[in-house]
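Chemist: Residue numbers (this note's numbering), protein chains in the order written: chain A, 58 to 185; chain B, 58 to 185.
Certain hints may be false.
Because identical chains cannot be distinguished in the list, a pair is counted as satisfied if it fits within a single copy or across any two copies.
[What the hints assert, rightly or not] Simulated pairs of lysine to aspartate or glutamate, DMTMM-like, Cα-Cα distance not exceeding 20 Å:
1. Lys128 to Glu79
2. Lys128 to Glu62
3. Lys120 to Glu78
4. Lys120 to Glu65
5. Lys128 to Glu65
6. Lys120 to Glu146
7. Lys128 to Glu154
It should be emphasised that the hints constitute simulated quantities derived from the structure, not laboratory data.
There are 2 protein chains.
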Amino acid sequence: MRIGELAERTGTSRRLLRYYEEQGLIVSARCANGYRDYDPRFVDRVIQIRGLLDAGLPTRIIKQILPCLDKPRSIHFPDATPEMLATLERERDRMTERITCLTRNRDAIAEYLDVVRGDAPSAADAAS
Amino acid sequence: MRIGELAERTGTSRRLLRYYEEQGLIVSARCANGYRDYDPRFVDRVIQIRGLLDAGLPTRIIKQILPCLDKPRSIHFPDATPEMLATLERERDRMTERITCLTRNRDAIAEYLDVVRGDAPSAADAAS
DNA sequence: TCAAACCTTCACATTGATGTGACGGTCAAC
DNA sequence: GTTGACCGTCACATCAATGTGAAGGTTTGA
């Protein structure tokens with residue numbers, strides 16, 4: 058698959074796909090004419106990258122954690138340095154904090170919408 | 058409370074607090090000498106803002122949703138325009154997507170750490 | 001053979017969240 | 001009354017994620 062098709066199937070621009078490659082998030086084979094050639098599994102990969110970026114993770118971190126999320130594992134146990142493990146733990150905890158914050162605020166938005174729309178406020182509205 | 062204390066208590070820089078004010082996320086009273094004067098409840102407010110920013114929301118959106126999260130409500134029912142409600146629904150759904158993405162990847166990181174550390178993989182590891 | 005639709009690299013522009021520093025006023029302590 | 005730690009505004013710098021366009025090669029189809 059060439060870059061145009063991957064862009065279309067992931068809803069990103071060609072420019073960004075090249076950027077992600079430059080940042081080491083994806084790699085591409087090259088056809089004889091120099092065109093990038095992508096394996097179909099990069100569709101999911103790119104969508105995952107977009108999701109993580111949208112959730113506030115920088116490419117630097119995404120690059121570090123991506124190889125650990127693959128199944129089957131591309132990074133095996135002995136390859137993991139202690140620094141790497143520490144980074145992963147830190148990021149795992151940061152992500153948990155993000156999830157907590159997002160969930161709290163999303164629920165507050167949802168509850169506000171419920172109230173404004175005059176629906177029965179959901180269970181979250183015990184107070185007030 | 059002046060800007061220095063608020064900065065210290067929220068772990069942000071004075072620069073950013075002024076930026077948040079410029080973006081309409083917080084407001085400040087002014088002392089006779091022109092110094093900003095903050096109500097203590099801005100500590101939580103700023104922490105909330107930081108969390109949302111860190112989770113990938115831009116100040117533009119945060120500004121829109123913040124007034125709806127206050128209890129007691131500062132925005133009452135008739136104040137909410139249909140456009141506003143549509144924005145809130147859109148953001149609620151985007152936040153849900155973010156939460157899903159973050160949760161999936163965080164769990165994958167956690168599971169990787171479990172495996173690498175040789176712990177019994179947690180319940181999430183039914184497959185494989 | 002020409003045009004349209006791809007692709008390449010390079011490079012400059014923009015936007016949002018920040019850092020940093022200049023220049024000056026205020027205030028408290030010594 | 002001077003020094004140091006605050007505060008104010010203004011402005012320029014930076015970084016990451018993007019947009020955009022130039023200049024050119026390739027492929028496909030009329």
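Chemist: With reference to the structure, classify each hint as holding or not holding.
Modeler: Going through the hints against the structure:
When the C-alpha separation of Lys128 and Glu79 is checked against a cutoff of 20 Å, the pair qualifies neither within a copy, at 24 Å, nor between copies, at 46 Å. Taking the shortest Cα distances, Lys128 and Glu62 never come within 20 Å of each other, neither inside one copy (25 Å) nor across copies (48 Å). Taking the shortest alpha-carbon separations for Lys120 and Glu78, only the intra-copy value of 10 Å comes in at or below 20 Å, while the best inter-copy value is 34 Å. Neither within a single protomer nor between protomers do Lys120 and Glu65 lie at most 20 Å apart by alpha-carbon distance, with minima of 23 Å and 32 Å respectively.
Taking the shortest alpha-carbon separations for Lys128 and Glu65, neither the intra-copy value of 25 Å nor the inter-copy value of 43 Å comes in at or below 20 Å. Taking the shortest alpha-carbon separations for Lys120 and Glu146, only the intra-copy value of 15 Å comes in at or below 20 Å, while the best inter-copy value is 32 Å. In the homo-oligomer, the alpha carbons of Lys128 and Glu154 never lie at most 20 Å apart, since the shortest distance is 25 Å inside one protomer and 22 Å across protomers.
In terms of the numbered hints stated before, the structure departs from hints 1, 2, 4, 5 and 7, listed from lowest to highest.
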